[in-house]
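Peer 1: Take a look at the letters that make up each chain.
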Amino acid sequence: MSERQSERGGKPRIAVLATGGRSAETGGAERFYVGLRDALVDAGADASIHWEISDESSYQAILASYLRFYDCDLSQYDGVISTKAPGYVIRHRNHICYLQHTMRVFYDMFEEEFKAPDADLLAQRRMIQTLDTAAFRAPRTRKVFAIGEEVRLRLERYNDVSAEVLHQGSAMRGFYCAGARYFFLPGRLHRWKRVNLAIEAMRHIEDPVELLISGVGEDEDTFRALARGDRRIRFLGRLSDQDLLRTYANALAVLFVPLREDFGLVTQEAFLSGKPVVTCTDSGEPSRIVRDGVTGYVVPPDPKLIASAMAKLARQPNHAKAMGRQARLDIDDASWSKVSGALMAALGFAPPTATTA
Amino acid sequence: MIERDTDLDELMRAIRADIDASRSPEEKRARSADPIAKPSARAPQSQEPDSAYEIQVAMPESSGPSHARDSGKPLETEAPKAKRAKKKFFAKVFDVRVLLQRALGLRRLAKLAPHLEALRNGPVPIEELSFAVNDLRQDIARMSAELAAVEGKLLGRVASVAIRSRLANDELAGRIANTDALEGRFEDRIAESRDHADRGRIELFEGAERVHSTLERHWREIADQKRRLDLLVGEIRRKPLEPSPALQTPSPRPAPATLDWNFDDRFRDPVAESRQGGAVYFDSVRKACEATGRRAVLDLRCGNGDFLELLATEGFEASGVESNPAMVERCRARGLEVVERDAIEHLQGLPEGGLACVSAFRVIERLSHDALLALVSLALRALAPGGALILETPDPANLLVAAERFYYDPMRRNPLPSELVAFLVEACGFVDVAVAPRHPLNHAPRAYDDPMLALLQEKLYGPQDYGVIAWKPL
Numbered sequence: 001m002s003e004r005q006s007e008r009g010g011k012p013r014i015a016v017l018a019t020g021g022r023s024a025e026t027g028g029a030e031r032f033y034v035g036l037r038d039a040l041v042d043a044g045a046d047a048s049i050h051w052e053i054s055d056e057s058s059y060q061a062i063l064a065s066y067l068r069f070y071d072c073d074l075s076q077y078d079g080v081i082s083t084k085a086p087g088y089v090i091r092h093r094n095h096i097c098y099l100q101h102t103m104r105v106f107y108d109m110f111e112e113e114f115k116a117p118d119a120d121l122l123a124q125r126r127m128i129q130t131l132d133t134a135a136f137r138a139p140r141t142r143k144v145f146a147i148g149e150e151v152r153l154r155l156e157r158y159n160d161v162s163a164e165v166l167h168q169g170s171a172m173r174g175f176y177c178a179g180a181r182y183f184f185l186p187g188r189l190h191r192w193k194r195v196n197l198a199i200e201a202m203r204h205i206e207d208p209v210e211l212l213i214s215g216v217g218e219d220e221d222t223f224r225a226l227a228r229g230d231r232r233i234r235f236l237g238r239l240s241d242q243d244l245l246r247t248y249a250n251a252l253a254v255l256f257v258p259l260r261e262d263f264g265l266v267t268q269e270a271f272l273s274g275k276p277v278v279t280c281t282d283s284g285e286p287s288r289i290v291r292d293g294v295t296g297y298v299v300p301p302d303p304k305l306i307a308s309a310m311a312k313l314a315r316q317p318n319h320a321k322a323m324g325r326q327a328r329l330d331i332d333d334a335s336w337s338k339v340s341g342a343l344m345a346a347l348g349f350a351p352p353t354a355t356t357a
Numbered sequence: 358m359i360e361r362d363t364d365l366d367e368l369m370r371a372i373r374a375d376i377d378a379s380r381s382p383e384e385k386r387a388r389s390a391d392p393i394a395k396p397s398a399r400a401p402q403s404q405e406p407d408s409a410y411e412i413q414v415a416m417p418e419s420s421g422p423s424h425a426r427d428s429g430k431p432l433e434t435e436a437p438k439a440k441r442a443k444k445k446f447f448a449k450v451f452d453v454r455v456l457l458q459r460a461l462g463l464r465r466l467a468k469l470a471p472h473l474e475a476l477r478n479g480p481v482p483i484e485e486l487s488f489a490v491n492d493l494r495q496d497i498a499r500m501s502a503e504l505a506a507v508e509g510k511l512l513g514r515v516a517s518v519a520i521r522s523r524l525a526n527d528e529l530a531g532r533i534a535n536t537d538a539l540e541g542r543f544e545d546r547i548a549e550s551r552d553h554a555d556r557g558r559i560e561l562f563e564g565a566e567r568v569h570s571t572l573e574r575h576w577r578e579i580a581d582q583k584r585r586l587d588l589l590v591g592e593i594r595r596k597p598l599e600p601s602p603a604l605q606t607p608s609p610r611p612a613p614a615t616l617d618w619n620f621d622d623r624f625r626d627p628v629a630e631s632r633q634g635g636a637v638y639f640d641s642v643r644k645a646c647e648a649t650g651r652r653a654v655l656d657l658r659c660g661n662g663d664f665l666e667l668l669a670t671e672g673f674e675a676s677g678v679e680s681n682p683a684m685v686e687r688c689r690a691r692g693l694e695v696v697e698r699d700a701i702e703h704l705q706g707l708p709e710g711g712l713a714c715v716s717a718f719r720v721i722e723r724l725s726h727d728a729l730l731a732l733v734s735l736a737l738r739a740l741a742p743g744g745a746l747i748l749e750t751p752d753p754a755n756l757l758v759a760a761e762r763f764y765y766d767p768m769r770r771n772p773l774p775s776e777l778v779a780f781l782v783e784a785c786g787f788v789d790v791a792v793a794p795r796h797p798l799n800h801a802p803r804a805y806d807d808p809m810l811a812l813l814q815e816k817l818y819g820p821q822d823y824g825v826i827a828w829k830p831l
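Residue numbers (this note's numbering), protein chains in the order written: chain A, 1 to 357; chain Y, 358 to 831.
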């Protein structure tokens, strides 16, 4: 390892193992890879993103994907950081995992998706969990990190694996705060994000306040149908980075009510824009980041209760602004350098003191 | 649930074998479709009849308990305690039944045995047989009477259990209603105290806001005082030996820095003018960036950095130069890049042709004629070919501005007509010079027929400022 390093002026070559679906959508996960690579480069590594396709269309395809990652040869790198299922089965002498998520449909979303699972499905779930556990516990995997408390708890509960939490930095720059005009709900339009809760909440609000919803996704039509008839709700579609920043900047508050979210960049982006966040008690990581009544509201997943929190913000815009200021103070900008420092140390490339200095 | 020590390599070997197999013809697939063994659905038989006789007797008897069970059916919703009692009760019934069955079976066997024996040996008198049958009939009659008695007793018990459980049910329903009422009251109280907490929190926030603004005001005052003190100390240091006239007549000349600060805060509406208004120049800035292939924008005397922040937000590489240390501090606190220096000196020190755009808002009216010419020609030198110069200044064509508003700021020297500035800029070597009116007074214009009134409206309530945009030739 040291021989190779010296050939390139001492810079270790690190691969960020990215797992791509068949469709090339740039969501939070893709920005995560870029942010992670840049942070590693800033920390003095020769880092690059290595894309590998993971087909999750059927159980057989999933097993084949596990095998493909298992067979993937990355020996030209000095270190490999896997991030997602099934990347962590990689056979590399110096491998750590910075886990975004496993295949959640076989974990916490199993009951959600399969109301009456048959024996085959249960056996499949068991197989995937056993595979993952074996991979996390393999001696090749030097250490497991998690992107948030939610993921850490899931690892502990389902795989009996302990992990260290590292909060990632923001993937975009240039957040600012301007007006306070409407509620904003960004993100993928998927049933796990529960956009319907926000739309239903609007029915309990009589104030002439708007709800802007950005993003696209497979459940978009359902949500649009649900919002039909309420002129205060607008769908913005996919936004450019500049438009996204501007929409954040002029929001009164940001709504984010997903089910057991792993990390939720939305909370972070809202806080960086100085906006309070309304989230739910079962929304996972956001419910841990938002301080109820201080940097937003954390309410049970009930449209009526969400509506009452929204009404409070709409009627007290100054209160909302003060919460937003507090939120801006809560968020830590320097997270990426902490992440890269910890990962480099775990790969054995730099003493932790040198990177934090 | 999880097998801890399963070896990943072994699992993977299995998967590989499986996938390889599924690629070859269908017969392998059948194996994977094998359903997982299901637990046997057959309930274990409690008792096998031990003789042929017992089966016969059991037949009529089975109607007894099944009848009791039917009458128990409406009780299915009763409380668990009653259910337990019922179960025990039926267990007892079952025991009695088995005992009866046994006794009857044995007795019949004993009675029939000699007759059967006799039958095998030879002919038997009919009377004897009929006696035996009669005996048996009597036995059976007695047994069934006993059974009927037992059954009657059992039915009575079942009825009493049913009544008791119904009573228990009623009581339970009453208690549940009670609990519901209590819960409702409890929820009301929670909502009440939550509202209370919310109000408290809002008051707290408002208090924090007040403290925040007070702190800010104090901080400014302290900064001003410090600046005055610094100036005084500097003056004293400069002439330590001469008998200072300043000491005899203490005339603390107000520092220009302090003046600048206060005037900007008081008379300008930064939100309405600079922050949003500056954005109208973005198209020109963008065009200049494209033409020059550079992104550096320099704002001369950038003040407290509103335009710089806007530029940074849009992604330009914006930096400022400002001679007032109070302003510089403020910009730096906002995270903006600012050099503390005189604008003209700074321009002189810059390399030739390095900038995409130079801007100066409310600057040129403060300069002497010579300084204005120097600033424009130095800006030309610092810009790359295709770069833009943006100057904004009060418009003396507006009579309110020319007569009054211009002089709100005592640092201003010369009201500059737009034609003059456009001419000077062109004379220094810029091309495509354009003048844009800016910031009309907040006044709803009316359509006057009288041209004099229309002119007066324009002259009083028209634009207060104008911007000049000029380009360095390519």
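It is possible that some hints are incorrect.
[Stated by the list, open to error] In the SDA-like style, the derived pairs of lysine to any residue whose C-alpha atoms are separated by at most 25 angstroms in a straight line are:
id	chain 1	residue 1	chain 2	residue 2
1	Y	K816	Y	L798
2	A	K312	Y	L798
3	Y	K438	Y	K449
4	A	K321	Y	L561
5	A	K304	Y	L798
6	A	K115	A	T130
7	A	K321	Y	L572
8	Y	K644	A	T130
Hint data in this document are derived by calculation from the structure and do not stem from the laboratory.
Peer 1: Each hint: holds or not?
Peer 2: Verification of the supplied hints:
1. Distance check on the hinted pair: K816 of chain Y and L798 of chain Y sit about 11 angstroms apart at the alpha-carbon level, within 25 angstroms; holds.
2. For the suggested pair K312 of chain A and L798 of chain Y, the alpha carbons sit about 36 angstroms apart, so the restraint of at most 25 angstroms is broken.
3. At roughly 17 angstroms between alpha-carbon atoms, K438 of chain Y and K449 of chain Y fall within 25 angstroms of each other, so this suggested pair holds.
4. Of the pairs offered as hints, the one joining K321 of chain A and L561 of chain Y holds, with about 14 angstroms between alpha carbons and a cut-off of 25 angstroms not exceeded.
5. A distance of roughly 46 angstroms separates the Cα atoms of K304 of chain A and L798 of chain Y; the hinted pair therefore is violated under the 25 angstroms criterion.
6. This hinted pair checks out: K115 of chain A and T130 of chain A have alpha carbons roughly 22 angstroms apart, not beyond 25 angstroms.
7. Proposed proximity of K321 of chain A and L572 of chain Y is supported: the alpha carbons are some 18 angstroms apart, at most 25 angstroms.
8. Restraint check for K644 of chain Y and T130 of chain A: the C-alpha separation of about 59 angstroms exceeds 25 angstroms, so the hint is violated.
Comparing the model with each numbered hint stated earlier shows that hints 2, 5 and 8 do not hold.
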